[in-house]
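J.: Required output: the full structure, derived from the provided sequences and hints.
Mapping the first sequence onto the numbering used here, position 229 (from 1) lands on 233, and the numbers just tick up by one.
Don't take each hint at face value.
[What the hints assert, rightly or not] In the PhoX-like style, the derived pairs of lysine-lysine whose C-alpha atoms are separated by at most 20 Å in a straight line are:
#	residue 1	residue 2
1	Lys245	Lys7
2	Lys44	Lys30
3	Lys114	Lys151
4	Lys365	Lys287
5	Lys365	Lys235
6	Lys228	Lys151
7	Lys107	Lys151
[What the hints assert, rightly or not] Derived DEER-like restraints, expressed as beta-carbon distance ranges:
#	residue 1	residue 2	range
8	Glu110	Lys315	51 to 57 Å
9	Ile160	Thr213	18 to 24 Å
10	Ala358	Phe302	34 to 40 Å
11	Glu73	Gly229	38 to 44 Å
12	Ala299	Arg40	31 to 37 Å
13	Ala299	Lys114	48 to 54 Å
14	Glu312	Gly121	39 to 45 Å
15	Gly289	Glu73	43 to 49 Å
16	Pro25	Arg69	23 to 29 Å
17	His12	Lys114	44 to 50 Å
18	Glu312	Phe124	35 to 41 Å
19	Gly121	Glu76	23 to 29 Å
20	Gly55	Asp14	18 to 24 Å
21	Gly289	Pro70	35 to 41 Å
Don't read these hints as lab results, they were simulated from the structure. Even glycine gets a Cβ: it sits at the ideal position worked out from N, Cα and C.
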Amino acid sequence: MLKFDIIHRDGLARTGIIHTPHGDIKTPAFIGAATRATVKALTMKQMNELGSQAILANTYHLVLRPGTELIEKAGGLAQFCSWCKPTFTDSGGFQIFSLPDVKITEDGVKFKSYLDGCIFEMTPESSMQAQWAIGADIHMAFDHLAKSDSHEDMEIAMHRTHRWLDRCIEEHQRLAASHSNQDEQFLYAVVQGGIFTDLRAESAKYCTTQPVDGFGIGGVFTAKGMDEMLKTVNKILPEDKPRHLLGMGQEPIDLFMGVEHGCDTFDCVGPTRMARNGSLYTKDGRINIKNAKYAHDFTPLESDCDCECCKNYTKAYLHHLFRTDEITAKVLASIHNEYFVVHLVDMIRESLLADKFEEYKEEFLSKYYNC
RNA sequence: GCUGGAAUCGUCUAGUGGCAAUGACAAGAGACUGUAAAUCUCUCGCCUUCGGGCUUCGUAGGUUCGAGUCCUACUUCCAGCA
Numbered sequence: 005m006l007k008f009d010i011i012h013r014d015g016l017a018r019t020g021i022i023h024t025p026h027g028d029i030k031t032p033a034f035i036g037a038a039t040r041a042t043v044k045a046l047t048m049k050q051m052n053e054l055g056s057q058a059i060l061a062n063t064y065h066l067v068l069r070p071g072t073e074l075i076e077k078a079g080g081l082a083q084f085c086s087w088c089k090p091t092f093t094d095s096g097g098f099q100i101f102s103l104p105d106v107k108i109t110e111d112g113v114k115f116k117s118y119l120d121g122c123i124f125e126m127t128p129e130s131s132m133q134a135q136w137a138i139g140a141d142i143h144m145a146f147d148h149l150a151k152s153d154s155h156e157d158m159e160i161a162m163h164r165t166h167r168w169l170d171r172c173i174e175e176h177q178r179l180a181a182s183h184s185n186q187d188e189q190f191l192y193a194v195v196q197g198g199i200f201t202d203l204r205a206e207s208a209k210y211c212t213t214q215p216v217d218g219f220g221i222g223g224v225f226t227a228k229g230m231d232e233m234l235k236t237v238n239k240i241l242p243e244d245k246p247r248h249l250l251g252m253g254q255e256p257i258d259l260f261m262g263v264e265h266g267c268d269t270f271d272c273v274g275p276t277r278m279a280r281n282g283s284l285y286t287k288d289g290r291i292n293i294k295n296a297k298y299a300h301d302f303t304p305l306e307s308d309c310d311c312e313c314c315k316n317y318t319k320a321y322l323h324h325l326f327r328t329d330e331i332t333a334k335v336l337a338s339i340h341n342e343y344f345v346v347h348l349v350d351m352i353r354e355s356l357l358a359d360k361f362e363e364y365k366e367e368f369l370s371k372y373y374n375c
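T.: Shown next as structure tokens:
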């Protein structure tokens, strides 16, 4: 079983350590989104230097390219991309939601590859096989995230997710038994149910009864209604296993709320995507560095930020790099935004340990959202 | 000096009788949450009660119901010849 030690609690919130074969993750923690085995625009050295504890890659994307056999041959995901710390893989379930041309059956999903248009299938079993080949420390169960948000469709998707979870567990155990490193890869169940508390409760209860190492909470999109939903789910989920809030963390309030209601890890593409598009975090809110007003601003993005970008460069320079569409614009912006969220969750962890979570939350959010 | 050709929004450009006028870039702003995203959207002559109104295609005239488009002159630029 995946070892998870809780060090300190404050209501539903907790700080702890997830012990993985590739090292420890101090929680709560922000996990970098490295969909195609890279955090876009950043090297693993830069990710390491900015304080990232772990990365999350995507099974769907890696199955398509470069293929799981190649990653296995390379010695696994961590070795392949030169990341010596813990790794997660998402199952590909999210792509049922995010990609067009998907056909869902009880057996699995037929995707139309965005690379060459050919149809290929993913099932709970094939996702588990692919994730074992990729060899991340923590795997997600293959779940169904419904495109519709009606109660009826959510319920159907949730039940399917539960039936698929049974198959994921069976396949995961079979694969574990056939691998010499059987205690080195772990499985999280994914809780679904959309915005409906009754479904979330049912899903959390179902997942709780299953022999898994932790939980992903999926299908969350906005902070609206997140409080109640997370409270409901995390009160049901067993305390002694880690919980990952899938895909949330673009807005600082998501991270505070997630931690407050018992989530341990987060991943989100928002920080790096926004960085590439010129939207940069500051403690006074996000700014668009491309705006004309920054052309002559020779101060750093944040004078009290310790990232490589803020330590060395001015807003005027960043503005210039974006205006001239230089690659370095995206690199420096990504360093800053990724540092910002990683560091924010680190600070939240420190505040919990010092029993000052509420004060820190109030102070940060009032400044950030100017309220 | 002669002979051709050309002048359209900050730039380049489409346009050969119905046009406030094409496209690109630039510019101004916005969006982005388990990444088909170094992507996408909006604005880009002036005014507007959003119905429309007004002024525009080097300048000045003319033909025509109607001219960026045809005619005349002028101005400037380019090419060739002197």
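J.: Now, for every hint given, state plainly whether the structure supports it.
T.: Each hint, compared with the structure:
1. Lys245 with Lys7: holds (8 Å)
2. Lys44 with Lys30: At roughly 24 Å apart (the allowed maximum being 20 Å), lysine 30 and lysine 44 break the hint.
3. Lys114 with Lys151: Since the Cα atoms of lysine 114 and lysine 151 sit roughly 15 Å apart, the hinted pair holds (cutoff 20 Å).
4. Lys365 with Lys287: holds (12 Å)
5. Lys365 with Lys235: Holds. Lysine 365 to lysine 235 sits at ~18 Å (cutoff 20 Å).
6. Lys228 with Lys151: holds (18 Å)
7. Lys107 with Lys151: holds (12 Å)
8. Glu110 with Lys315: 51 to 57 Å: Because 54 Å falls inside the window, the suggested range holds.
9. Ile160 with Thr213: 18 to 24 Å: holds (20 Å)
10. Ala358 with Phe302: 34 to 40 Å: Holds - the Cβ-Cβ distance for alanine 358 and phenylalanine 302, about 36 Å, lies within 34 to 40 Å.
11. Glu73 with Gly229: 38 to 44 Å: Cβ of glutamate 73 to Cβ of glycine 229: about 42 Å, so the range 38 to 44 Å holds.
12. Ala299 with Arg40: 31 to 37 Å: Once the Cβ atoms are compared, 34 Å apart, the range 31 to 37 Å for arginine 40 and alanine 299 holds.
13. Ala299 with Lys114: 48 to 54 Å: Between alanine 299 and lysine 114, where Cβ atoms are some 50 Å apart, the hint holds.
14. Glu312 with Gly121: 39 to 45 Å: Hint holds: Cβ distance 41 Å, inside 39 to 45 Å.
15. Gly289 with Glu73: 43 to 49 Å: With Cβ atoms ~46 Å apart, the hint holds.
16. Pro25 with Arg69: 23 to 29 Å: holds (26 Å)
17. His12 with Lys114: 44 to 50 Å: Holds, since histidine 12 and lysine 114 (Cβ atoms, about 46 Å apart) stay within the stated range.
18. Glu312 with Phe124: 35 to 41 Å: Given range 35 to 41 Å: holds, Cβ gap about 40 Å.
19. Gly121 with Glu76: 23 to 29 Å: holds (26 Å)
20. Gly55 with Asp14: 18 to 24 Å: Since glycine 55 and aspartate 14 have Cβ atoms about 23 Å apart, the given range 18 to 24 Å holds.
21. Gly289 with Pro70: 35 to 41 Å: holds (39 Å)
Going down the numbered hints, you'll see the structure goes against just number 2.
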